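Following the hints, put chains S and D in place on chain B, whose structure we already have.
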Amino acid sequence: MLKPIDLKRRKAQLAARPWSGAEREYDLFKELTVGVVVVGLIVVGFAAVASSPDEAPVNLQSWANAQPADFVATATAELGKTSDTATYGPPYSTTKGATQTLGALDLQSFSGTRIPIDTAADFVTTPLHKLQTEGPALAAWNAASSKQQATWTGNYGTALSKAPGGKPSSVKSGNYGPVPALTGGLLAEAQRGALDGAILSEGGLFNTDYTRSILFLGDGTYFPNLADAQHLTGDQWGVMNETGSYPGQSWLWLFSFWYQVPAIGNLPNADLVVVGLMLFLTLLLALVPFIPGLRAIPRLIPVHKLIWRDYYKRR
Amino acid sequence: MIETLAAVTAADTPGVFLSWGIFSIQLGNLIVIVAMFALFALALVIPFPGNRRQK
Amino acid sequence: MSDIDQVETGTPTEAETDHTWTGRTRRWVLKRLPPDKLLPNTQPSYVASWIYVFGMGAIASLLFIIASGVILSLNGPMWYHLSSLGHFVNSVHLWSVEFFFFFMVIHLWGKFWMAAWRGNRVLTWITGVVSFAVSIVAAFTGYLVQTNFDSEWIAFQAKDAINATGIGAWFNVTNFGQMFMWHILLLPIAVIVIVALHIVLVRMHGVVSPIDADETDSQLINKEIAHVETH
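Protein chains in written order, with our numbering: chain B, 1 to 315; chain S, 1001 to 1055; chain D, 2001 to 2231.
One chain only, chain B, in its complex shape (with noise of 0.2 Å):
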């Protein structure tokens, strides 16, 4: 009679030992074969038929064309060094105490500065001076001490989020320096599309790194309110989803769930701790065959007496 501890073992031996009872007869090419064509047609027909979107990307020129008085009062933002991506710490900026931190742990400064943007220069002055328009502004600019130049943008922002609509027109006069002969005149060459290729090419003729302009874009409201009204922003399950009606991503509902739960999605550091959580789960998932309980779900509920019905019938 054989001990329990011993057929314990045998089991756990035998599962690892090459099959040595009935076997049938198995064609691994035809099997290949028929799987290739069968996928093939339904990959071929869902193509065919649902085609797959791609919504035109909108740059810097549809920008201020769409909505001129929101580009203007980024570029102020941009140029008193205010905005998202001139406080965003590493890897763009130095700013002190922007990082996404988990109690002493501070991942995002481990990058350092290593792709510096300096947005006054290179979404602002730096292209002006390229495209040798607004000389004087320049050069009053370049003059002023910094102090000065935030005394400078941060009246003319203000005074822009008080005018009606925001328009630039609209208003009233103060000391603004030449912030609204720069910002004016960086609208006029976006309008006219000069100013997608001048920041661009502030790589290099070839520059295939669109890092400035997207980081521009995302500054103001107009590319984040279409990504809104597509749902495809953070709190709506954004990771998820697809522009238009197609399906989109949904192997990473659990990465978007996160997001969706306030008192994760409202953290400051809600980025640092969704990706570690997400990291975690990953890593239980590769070990289960290690974690107690986990690993023994499948014999507690035995959805395995279904798959195998006709070996267990056969017995």
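Bear in mind the hints are in silico, worked out from the structure with no lab data behind them.
Keep in mind that this is a model prediction, so the values were computed, not measured.
All C-beta atoms, glycine included, are put in the ideal place defined by N, C-alpha and C.
Incorrect hints may appear among the rest.
What the hints assert, rightly or not - Listed next, with one range per pair, are the computed distances between beta-carbon atoms:
hint : chain 1 : residue 1 : chain 2 : residue 2 : range
1    : S       : L1042     : D       : L2030     : 39 to 49 Å
2    : D       : I2167     : S       : V1034     : 30 to 40 Å
3    : D       : W2170     : B       : N142      : 32 to 42 Å
4    : S       : V1034     : B       : G203      : 38 to 48 Å
5    : B       : E31       : D       : W2170     : 34 to 44 Å
6    : D       : L2074     : B       : G45       : 18 to 28 Å
7    : D       : L2074     : S       : F1037     : 36 to 46 Å
8    : D       : L2074     : B       : T282      : 26 to 36 Å
9    : B       : T282      : D       : W2170     : 19 to 29 Å
As the list claims (entries may be wrong) - Computed footprint of chain S on chain B; a stretch qualifies when at least three of its residues, placed anywhere within it, have a C-beta under 8 Å from a C-beta of chain S:
hint : stretch
10   : 227–234
11   : 246–258
12   : 298–310
Said to hold, decoys possible - Derived contacts from chain B toward chain S, CB cut-off under 10 Å, selection only:
hint : residue
13   : W237
14   : M240
15   : N241
16   : E242
17   : T243
18   : V261
19   : P262
Below, chains S and D without anything else, positioned relative to chain B:
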């Protein structure tokens, strides 16, 4: 103040969304997920053609 | 002399005399994965459920992802905006990805409920989970290089998650050129390598036997008792 969203044109019409509380799912995604559960269940219950040459 | 020795004893002496890296590797590989295990023409009779087709479905979908990706590569990243054939190939690429994850996840569900990690198949399970994770990253970079509104927005959103973990300085999601190369070269290699490893492991260990098979299968029990009694 910013211009209203009416000035913005969306190239694609946004999809259909179903919401309950904090849950909001796009119809396309819902169909995919439901289809996955359905196919899983069907794979478990539909009989598999057997009795190929036994050895 | 040595020929007569071999005929008389019948035991190969190559393992004892050959110490080349090549020879040793070959013997190691062939011991673990002989040709009839790599390309079998039989399978255990318990492999009789539709749940078993989803792994193959995922592989077939991956083949179409690669094929459509190759065609897209022929004409560069902007082609699909400008050509209706290009747009169709892009659609094939997108739907292959949708079905790749569709089949892969159902395959994962099936393998969990079968406790398929039993019998030293832990590495098979782990490579499966890693395939899932690497595929997600590969798909992510794909969404980043669509050169349309969706990719612009995804880049803008994703930068926060990536930057928060400290790798944003080196993996810059708003850098199209970089993401493009990760998507068409580095990550496909990673996916193919890990999936190949996963498949080889499945072939090496065979399809896992049913839960409780060994306890009560009369064929096995008789053989096992015979094994015990002769010792």
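Hints and how they fare:
1. S:L1042 with D:L2030: 39 to 49 Å: holds, 40 Å
2. D:I2167 with S:V1034: 30 to 40 Å: Check passed, 36 Å falls within 30 to 40 Å.
3. D:W2170 with B:N142: 32 to 42 Å: holds, 34 Å
4. S:V1034 with B:G203: 38 to 48 Å: Taking Cβ atoms as reference, V1034 (chain S) and G203 (chain B) lie about 46 Å apart, which means the hint holds.
5. B:E31 with D:W2170: 34 to 44 Å: holds, 42 Å
6. D:L2074 with B:G45: 18 to 28 Å: Cβ of L2074 (chain D) to Cβ of G45 (chain B): about 23 Å, so the range 18 to 28 Å holds.
7. D:L2074 with S:F1037: 36 to 46 Å: Cβ of L2074 (chain D) to Cβ of F1037 (chain S): about 38 Å, so the range 36 to 46 Å holds.
8. D:L2074 with B:T282: 26 to 36 Å: holds, 35 Å
9. B:T282 with D:W2170: 19 to 29 Å: Cβ of T282 (chain B) to Cβ of W2170 (chain D): about 21 Å, so the range 19 to 29 Å holds.
10. 227–234: With 3 residues closer than 8 Å to chain S, the stretch 227–234 of chain B meets the three-residue bar; holds.
11. 246–258: holds (count 5)
12. 298–310: holds (count 4)
13. W237: holds, 5 Å
14. M240: holds, 6 Å
15. N241: At about 5 Å, which falls below the 10 Å cut-off, the nearest Cβ of chain S leaves the hint on N241 (chain B) intact, so it holds.
16. E242: holds, 7 Å
17. T243: This interface hint holds because 5 Å falls under the 10 Å limit.
18. V261: Holds. Min distance 7 Å.
19. P262: holds, 8 Å
In the structure shown, no violation is registered for any of the earlier numbered hints.
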